[in-house]
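K.L.:
Work out the full structure, taking the sequences as your base and the hints as a guide.
Residues per chain are reported as follows:
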Amino acid sequence: MNLLYIYIIVISVASVAVIVITIASTIAGGAKHNRMLKLKASYIRQVVSLLQGEEQYAARIVATTPTQRRALCEAIYLVMSHTYGANSVRLKRTVEENHLEEFMLNRISTSSGYRRAQWLMTMSSIPISLNSIEYIEKYINSSNHAIRIAALTTFVAANPQMAIRRIASLEYRLMPIDLAHIIALLRRGILPIAYEPLLASRNPNLCLLGITIVRNFGIDMADKQLHNIISESNDKTVLREAILTLAALGRPLGRIKIRERIRAMSHHERKAFCRHLATEGYSTQALRTLFSEREMHYAEALIKSYKRELGCQQYTQS
Amino acid sequence: MSAIYTIITATLLLATILISLRTALIIKAVRHRKFFIDEAAGCCESLGFVGCSVICHTEVDMDLINHLLQSEYDRHEVVAALDSRLAPEEFYSIVEHFGMISVNPTTSNELKGIQLRALYRSRQRCYKRFVLIDAASTSPYDALNCATAVASFDYILPLPRNSRLHPYAIESAAMVISEQGDRGFDFIRCTADKECYILRREYIIQQDGFSASILGGTPRRNIISTAIPIAYSSESNKTIRRRLALYALGALGPFIVAGAFLASAPIIIATLLTAAFVALLARYSSQYIGTEKCSERVMLCYIRNLFDIFCLRKFTF
Amino acid sequence: MQRGKIIIYSPKPLLAEMVADIIGYAEGEIMLCSSTQQVVELCESIRADLVIILSSAPLRNGKGLIQRLRRGHRIPAIYVISWHHNEQTVLSLLECGVDQYMTFPVCMERLKIKSSREHNNKWES
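Residue numbers (the numbering used here), protein chains in the order written: chain A, 1 to 318; chain B, 1001 to 1317; chain C, 2001 to 2125.
Don't read these hints as lab results, they were simulated from the structure.
Only true hints are included.
The calculated lysine to aspartate or glutamate pairs, modelled on EDC-like cross-linking and capped at a C-alpha distance of 20 Å, are:
(1) C:Lys2012 to B:Asp1038
(2) C:Lys2012 to A:Glu74
(3) A:Lys236 to B:Glu1179
(4) B:Lys1112 to B:Asp1142
(5) C:Lys2112 to C:Glu2029
(6) A:Lys236 to A:Glu260
(7) B:Lys1238 to B:Glu1296
(8) A:Lys224 to A:Glu196
(9) A:Lys224 to A:Asp235
(10) A:Lys236 to B:Asp1182
(11) B:Lys1034 to A:Glu74
(12) A:Lys138 to A:Glu171
(13) B:Lys1238 to B:Glu1059
(14) A:Lys257 to A:Asp223
(15) B:Lys1112 to B:Asp1208
(16) B:Lys1112 to A:Glu300
(17) A:Lys92 to A:Glu134
(18) B:Lys1112 to A:Glu295
(19) A:Lys236 to A:Glu171
(20) A:Lys236 to A:Glu269
Reference excerpt, derived from the structure (chain C facing chain B, CB under 10 Å, subset only):
(21) Pro2011
(22) Ser2055
(23) Ser2056
(24) Ala2057
(25) Pro2058
(26) Arg2060
(27) Asn2061
(28) Gly2064
(29) Ser2082
(30) Trp2083
(31) His2084
(32) Asn2086
(33) Gln2088
(34) Thr2089
(35) Ser2092
From the three backbone atoms N, C-alpha and C, an ideal C-beta is built for every residue, glycine too.
P.N.:
Given below as structure tokens:
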């Protein structure tokens, strides 16, 4: 009976807590959210004008309260992550005058989880000092996946000279979604990396980054290096990515080493690869060199269904 | 007497803990998705070239197909299995609307007993890949098997009856799959909103196609559970409310009866407070799950999920 | 001088706002929409010169949206800006009738010049 009374008290308190949290988040998502949107829109306009070379805006961007600073940080992040070619040095004065760096560092240290990760990511869009870079570096080995990739992105964006060395020293394997964040920096032109040394590297993270660059920028010339990886690498993920990249570039896959690698795959892996090649538009003839006669029957059925122009007819209702 | 009180308190406490944990998992999963899946994740390269085929066979109409094709993700297709003899007008209106072309009904021969009358494919350049199969309507499982036989990708998402997909559902599914790396698994169980499954194509073939027992033949370590919302119920509010009332009655009824039988006000108060707590948590987590008001839908899923603990895993369609 | 009419669609209002700021409100009359239905209605009523769509999703179901946008007498130019850089996706968008495809991150200068040229051409022709 006593237990039941304790339960009633606990559940009542918990219910009140949930009510409070729900009301608070409803308010945050309502009028306050709209005010924030307006504020951000106004800062976006000012940041765009500043980046487009209208120097007079540099003095006008003012954020004094925490809400304004947050809106300005998010506005800068939105503009910088969606555009390239603008000189981010122009932002330096705005960042300094409004103490945005200190503000973001404070938020990073006081928040946790995904909020911390989001603040770290936001920081990748502003020029930051060496002290801040050192501070951020400690989060690169965080146990939270989002935090560590956000910290790595910010570190690499702020310190491009050290990017390769830092990625090479990572204790964990980068996932495709992590590499996409680094590629986004390359697309913005703030991370000048040559793909060739990466492809020649024995470090799986660097090699994966090199392969991702080749694939994202459609570098046909990397054909030879990719073949070298396929011949020499014993890392399953690197090998898979190299073969998929060759396929994505539409390169011929008939070399002996590639054939051997495909033969060494398990039956299921070969089938999955065969399906992948069919969707990439490889012809039956191109695949004949890669798969056995029995597997070809399966590949042919797939490819034929993709080659719509062969023996297909437009439906006309009679 | 005290034993009855202890059992009731323990049961209510267990339900409360499970539901609180579920809410925490949903919030964490949604935050994870929001962080990683921005608009850039529509490119399959960002998600390790994972491909996903959404298959459906009931209540297939233009509206549903347009909804399913809306995903921005690259490696994604929709396969619908219909019987043209049962609803010829609907069938051919879909063919005409999407400018589909008839191709030879070739299948991969991996599943036995697949008989297709016709196979239509959308032209890839103008439309996102959409495949329509004309197959005799025998059972829902046969229809799903026909759809699997012509699907091109490695992961199959059978759309549950009366369901739609959440925004970024395909990207989220691809993200979960991509995060597994080299870890092998048979299927992913999505429990946040309407329960649905993403099955590995090879697993479906190993199990000789879809059946009510397809989910039973796998060890627990080969199942991945995710709290990221993938599918939601498209049933009317009235139906959801009716079902919710039924489930709530089923869940709360025994406690209220026990309270009345023992003439114990604390039992009744504790039961009602637990129900209120579940409703409040569902209301709170619905802010994360959907953009529209979906607290009743989420509440129904919460209660269903509690019942599922005592049920055998069964694939119903 | 008559100003061009530009419609920008994005499910994310701030993104549309950013593109509008890049093009510059002085360049033309810019209207922002968050649903495709709104874009179609606005395009019909104001006879837009340029429609910028900041997502490839509305065009992935075929030519339906483009046909609806170009139903009137004035045929607007359609630009799409998204994160996709897959060749097949870009080709399918161009075959659908998209005039210009750009990927994010976009060059501010290039976008501004392109859109400016587009509606200047419209007014000259």
